[in-house]
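Per this note's numbering, residue 1 is the first one in the sequence shown, and the count goes up by one each step.
Keep in mind the hints are simulated off the structure, nothing from the lab.
Backbone N, C-alpha and C define an ideal beta-carbon position, used for all residues, glycine too.
Certain hints may be false.
Stated by the list, open to error - Here are the computed distance ranges between Cβ atoms for each label pair:
{"id": "1", "residue 1": "Ala4", "residue 2": "Arg32", "range": "20 to 26 Å"}
{"id": "2", "residue 1": "Asp12", "residue 2": "Ala37", "range": "46 to 52 Å"}
{"id": "3", "residue 1": "Thr54", "residue 2": "Glu6", "range": "49 to 55 Å"}
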Amino acid sequence: ANSAREPWQAGDLMLVDNLRTAHGREPFEGSRQVLVAMADAVHLADCSPTIEVTGG
């Protein structure tokens with residue numbers, strides 16, 4: 001993996017190719033907590049409003 005650090009100065013402009021850099025990052029350091037949530041798919045048609053919608 002490659003990374004580059006640039007010192008910013010007033011007036012600087014940086015263009016980034018998001019497709020090439022989307023998943024790049026520095027290695028994580030320190031403790032961390034991994035949270036996982038799983039559920040079945042929910043279809044919008046199965047969801048009814050919890051409050052009455054009024055015009056306005």
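Check: Cβ-Cβ distance between Ala4 and Arg32: within 20 to 26 Å?
Finding: holds, 25 Å
Next item on the list: Go ahead and decide if the range 46 to 52 Å is satisfied by the Cβ distance of Asp12 to Ala37.
Entry: Between Asp12 and Ala37, where Cβ atoms are some 40 Å apart, the hint is violated.
Next item on the list: Mind checking the hinted window 49 to 55 Å against the Cβ distance between Thr54 and Glu6?
Entry: holds, 53 Å
Comparing the model with each earlier hint shows a violation of hint 2 alone; every other hint is respected.
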